[in-house]
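Please construct the entire structure, taking both the sequences and the accompanying hints into account.
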Amino acid sequence: AQKVTQAQTEISVVEKEDVTLDCVYETRDTTYYLFWYKQPPSGELVFLIRRNSFDEQNEISGRYSWNFQKSTSSFNFTITASQVVDSAVYFCALIKNYGGSQGNLIFGKGTKLSVKP
Amino acid sequence: KAGVTQTPRYLIKTRGQQVTLSCSPISGHRSVSWYQQTPGQGLQFLFEYFSETQRNKGNFPGRFSGRQFSNSRSEMNVSTLELGDSALYLCASSLTRTTGQTPYEQYFGPGTRLTVT
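Protein sequence lines correspond, in order, to chains A and B.
Numbering of the first sequence is given in my numbering, commencing with residue 47 and proceeding in unit increments.
Numbering of the second sequence is given in my numbering, commencing with residue 1265 and proceeding in unit increments.
Calculated directly from the structure, the hints in this document are not laboratory data.
As the structure is a prediction and not an experimental result, all values here were calculated from the model.
Careful: at least some of the hints might be erroneous.
Dumping the calculated DSSO-like pairs for lysine-lysine here, alpha-carbon to alpha-carbon at most 30 Å [said to hold, decoys possible]:
#1 A/K158 / B/K1321
#2 B/K1321 / A/K116
#3 A/K155 / A/K84
#4 B/K1321 / A/K84
#5 A/K49 / B/K1321
#6 B/K1277 / A/K155
Here it is, written out as structure tokens:
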């Protein structure tokens, strides 16, 4: 069975601190895809990144970086120098059943990040 | 380019009633998926449509149904509403992948918040 675990339910940091959101996944597939989404208070899920299982290179996009480690089945997300606008719920997800369709996302429970000024 | 739109944004219904939610995908996106978000269960996949056909279905009772029109717009219907159906219903659209392609990211709308009393 496929599963995504985000053990951190809530994290609170002060602006400019670095913060890492953990994501651990389970899958028996050899090819799989992982995603991170952000859900601000407005409710709309915003796509952040997609990573396939063959690409273990870390990725950096501005203040955001992602560390993918197949050996530990983890896909962690770090925000450097956090800002108040980063306050949101962050979801890690795995896609399944995409053989005959676009696939459906299996989401973790999310980590609520609060960045205080 | 306009994003995914969902109507209505808020809805209050009584137990036993039925409800229809609407989703217009991003122009050019022909795949539409629906997800239910509740505090207890988190984000759960309902179903996916492409070319007016349901391609994939989550583990929800038959009271939940959907359809897609020739212009890719989609509706979902919940009959005989129960208190537990109170949730944020999110629609997502994506480009259509061909076999062997990497799954495209899904873009989400703002959701319809359904309250059942």
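Hints, one by one, checked against the model:
1. A/K158 / B/K1321: 28 Å, holds
2. B/K1321 / A/K116: Roughly 29 Å separates the two Cα atoms, so the pair holds.
3. A/K155 / A/K84: 12 Å, holds
4. B/K1321 / A/K84: It holds: about 24 Å lies between the C-alpha atoms, which stays within 30 Å.
5. A/K49 / B/K1321: Answer holds: A/K49 to B/K1321 is near 17 Å, not above 30 Å.
6. B/K1277 / A/K155: 27 Å, holds
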